[in-house]
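Each chain, letter by letter, is given below.
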Amino acid sequence: MPDDHSPAAPSLFPAPPMAEQERMIEALLFACAEPLTLAQISARLPEGCDAAEALGHLRSRYAGRGVVLTRVGDGYAMRTAPDLGWLMQAERVETRKLSRAAIETLAIIAYHQPVTRAEIEEIRGVAVSRGTIDQLLEMEWIRLGRRRMTPGRPVTFVVTEGFLDHFGLESARDLPGLKELREAGLLDSRPMPGRPSDDLQDEDDGQIGQSELFED
Amino acid sequence: MPDDHSPAAPSLFPAPPMAEQERMIEALLFACAEPLTLAQISARLPEGCDAAEALGHLRSRYAGRGVVLTRVGDGYAMRTAPDLGWLMQAERVETRKLSRAAIETLAIIAYHQPVTRAEIEEIRGVAVSRGTIDQLLEMEWIRLGRRRMTPGRPVTFVVTEGFLDHFGLESARDLPGLKELREAGLLDSRPMPGRPSDDLQDEDDGQIGQSELFED
Amino acid sequence: MTDDWDQPDPVATRREAEALIVDVDGYEGPLDLLLTLSRSQKVDLRRISVLDLAEQYLGFIERARALRIELAADYLVMAAWLAFLKSRLLLPPDPSEDGPTGAELAAHLAWQLERLQAMREAAARLMGRDQKGRDFFARGAPEAVAVTRKTLFDASLIDLMRAYARLRTRDEFRPYAFDRSDIYPYEAALARLSALLPGMSDWTSLQMWLPEGWRGAPQRQRSAIASTFAATLELAKQGQIELRQSGTFAPLQLRPKSGS
Chain H
0 MPDDHSPAAP SLFPAPPMAE QERMIEALLF ACAEPLTLAQ ISARLPEGCD AAEALGHLRS
60 RYAGRGVVLT RVGDGYAMRT APDLGWLMQA ERVETRKLSR AAIETLAIIA YHQPVTRAEI
120 EEIRGVAVSR GTIDQLLEME WIRLGRRRMT PGRPVTFVVT EGFLDHFGLE SARDLPGLKE
180 LREAGLLDSR PMPGRPSDDL QDEDDGQIGQ SELFED
Chain P
0 MPDDHSPAAP SLFPAPPMAE QERMIEALLF ACAEPLTLAQ ISARLPEGCD AAEALGHLRS
60 RYAGRGVVLT RVGDGYAMRT APDLGWLMQA ERVETRKLSR AAIETLAIIA YHQPVTRAEI
120 EEIRGVAVSR GTIDQLLEME WIRLGRRRMT PGRPVTFVVT EGFLDHFGLE SARDLPGLKE
180 LREAGLLDSR PMPGRPSDDL QDEDDGQIGQ SELFED
Chain W
0 MTDDWDQPDP VATRREAEAL IVDVDGYEGP LDLLLTLSRS QKVDLRRISV LDLAEQYLGF
60 IERARALRIE LAADYLVMAA WLAFLKSRLL LPPDPSEDGP TGAELAAHLA WQLERLQAMR
120 EAAARLMGRD QKGRDFFARG APEAVAVTRK TLFDASLIDL MRAYARLRTR DEFRPYAFDR
180 SDIYPYEAAL ARLSALLPGM SDWTSLQMWL PEGWRGAPQR QRSAIASTFA ATLELAKQGQ
240 IELRQSGTFA PLQLRPKSGS
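Protein sequences appear in the order of chains H, P and W.
Under numbering that gives the first Met the number 0, the first residue of the first sequence carries the number 0, and numbering increases by one thereafter.
Under numbering that gives the first Met the number 0, the first residue of the second sequence carries the number 0, and numbering increases by one thereafter.
Under numbering that gives the first Met the number 0, the first residue of the third sequence carries the number 0, and numbering increases by one thereafter.
So here's chain H without its partners, still in its complex pose (with noise of 0.2 Å):
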């Protein structure tokens, strides 16, 4: 808003001061394990707050602290800095093992998303086994996204807002070593040579794909 003395539905109480603002997003996103979008918050807080505004304020007084404001996809929330994992010991959970085939697929899946099960196959050279997709699925790390347009119109499989949350990225864009990736070539999916036609059509879906998750 570039005016917040006339805002644009007029309210019958003014909006709280900038601070009771940021005390109560401060409230709101302790009390929440998972991660609370911007319209989630500002749904919660009394009519005329900017809870963007607000959400910067907190962030950087969080700062260095114990305790940081973390952004999640679309999402923030707070989240001991990773500094003291260490003391907390005690709390550690212990997720499932997953297997190497299901580390390198979660991988390929957040690298190359959206990406199909046959792209899986061919970047890793096997089958991708029963019950891998399931077990990501299940883990809500990895969803469906857009069936790729291109003949049999297969499924193809994204990562969620749970995988950026379980490996503290802000966004896919965030992941390690992307742009390096990206750079080398190591995320085309080029055709095998002399081979025709249906594979161009992925190629091109896929980039647009990409471009569309990663870039902003």
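None of these hints come from the bench; they were simulated from the model.
A portion of the hints provided could be inaccurate.
[Claimed, not checked] Now the stretches of chain H that chain P is said to cover, found in silico as 3 or more residues with beta-carbon under 8 Å:
#	segment
1	17 to 24
2	64 to 71
3	83 to 93
4	138 to 146
[Said to hold, decoys possible] Estimated spans, in silico, between C-beta atoms of each pair:
#	chain 1	residue 1	chain 2	residue 2	range
5	W	Pro141	H	Thr94	14 to 20 Å
6	H	Ser128	P	Arg146	43 to 49 Å
7	P	Arg146	W	Gly127	55 to 61 Å
8	P	Arg146	W	Met126	49 to 55 Å
9	P	Arg152	H	Ala42	25 to 31 Å
Just so you know, even glycine gets a beta-carbon here, dropped at the ideal spot from N, CA and C.
Starting from the structure of chain H, add chains P and W where the hints point.
Just chains P and W, lined up with the frame of chain H:
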């Protein structure tokens, strides 16, 4: 800080600075499900720390914030500031799994939309209770679609944006088909002995059904 | 004879063979094996000699075959493809032949290996990151101040997909029921024949006894003949009618048995 150079118990390493001790306690109290006593906090901090003093600092740091450091019995915990309790009122939600009837009905609507009640019953093989449909309508996961141009002009059901949002789908056509469910290991059925053609036909059927439904 | 002593130790041979089995099991397919073999060249994957790599792989497959180790089909497919690639790389290119050159195919394979390697490294880096619940933590005691009680029904995508899969699976196992509209039941034929019997006196052909509407379409007629024939056998057994046939495939005739 009274005297950093002569700790009570001689230690091999100097205790972390007070600001660091404060950070540690902040993280601990944030991450722990239960209130922690002074003794418990001390036991988890590195040797030579003064938990009581750090707690005092932390307490004044949070004074007047949206979250405050409070004493709970013998322990300490972070709690929402009492004046902001109203913010958490809508927080109290009890999550329950959808009944089997409801999830099956929902799945049929998602895969076959627009679909009439009679068609749902035909697929499920049992009557669909009024309550089930009402519940899904109330959750705003389904809504009424166009009336079917057949005798009686029955109403049809389709899934909503809210449904897509909840299940992380871009569109209902991204749901995996029968063949893909099987490949993903979600469908464990083997073709019945001696009926291979039938099974194949079924698979095809599923796909034809899907494309008929979703092609525009 | 000292010759015996020159023979390789059978136990050692067997051990070697077993090691190879373990190794083949340890690889996740031919591409993984190729990547492992490529490490022996100790160069950047971009500068790797695909020809050497092909030799190594083919050598590995040969050894496995010599030891009679069962190799999965995809290992053999890759061996065939590498043998083809090797010939393309070694022979001067034939200008009349179209399709990709050996160098192009080799470059693609090198790129595939590099990509797989890159994804493995990315996976390792990903798992090496700080993880929630291990290195950083969410609120341990999320507050949910109770006042308004609202029941929220929840379901996940996997629940939805499983529900649908379950429904469709049940469909596949639905007991087989055939279309009965073209079937003339035996019970009906018996009832009909018994009812008509008193009005008949002389030999009549079985065909005459078929019900209305079952004499036209071959499928319906076949069913009616079969049922009616079965019914006549039953009535003959009961002593109510007599049956006769003048020759093989001749029309079957029946009449009520005198005295019945």
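Now for the hints, and whether the structure bears them out:
Under the rule that three or more residues need a Cβ within less than 8 Å of chain P, the assignment of the segment 17 to 24 of chain H holds, with 4 such residues. Judged by the Cβ-Cβ criterion of 8 Å, the segment 64 to 71 of chain H is covered by chain P as claimed, because 3 of its residues qualify and three suffice. For the segment 83 to 93 of chain H, the stated coverage by chain P holds: 5 residues have a C-beta nearer than 8 Å to a C-beta of that chain, and at least 3 were required. Remark: the segment 138 to 146 of chain H is confirmed as covered by chain P, as 5 of its residues place a Cβ nearer than 8 Å to a Cβ of that chain, reaching the required three.
With their beta carbons about 19 Å apart, Pro141 of chain W and Thr94 of chain H fall inside the hinted range of 14 to 20 Å. A beta carbon spacing of about 46 Å between Ser128 of chain H and Arg146 of chain P agrees with the range 43 to 49 Å that was offered as a hint. Range check, Arg146 of chain P to Gly127 of chain W: about 57 Å between beta-carbon atoms, so the 55 to 61 Å window is met. Remark: the range hint 49 to 55 Å for Arg146 of chain P to Met126 of chain W is upheld by a beta-carbon distance near 53 Å.
Checked against the hint of 25 to 31 Å, the C-beta distance between Arg152 of chain P and Ala42 of chain H comes to roughly 39 Å, which is inconsistent with it.
Comparing the model with each numbered hint stated earlier shows that hint 9 is the single one that does not hold.
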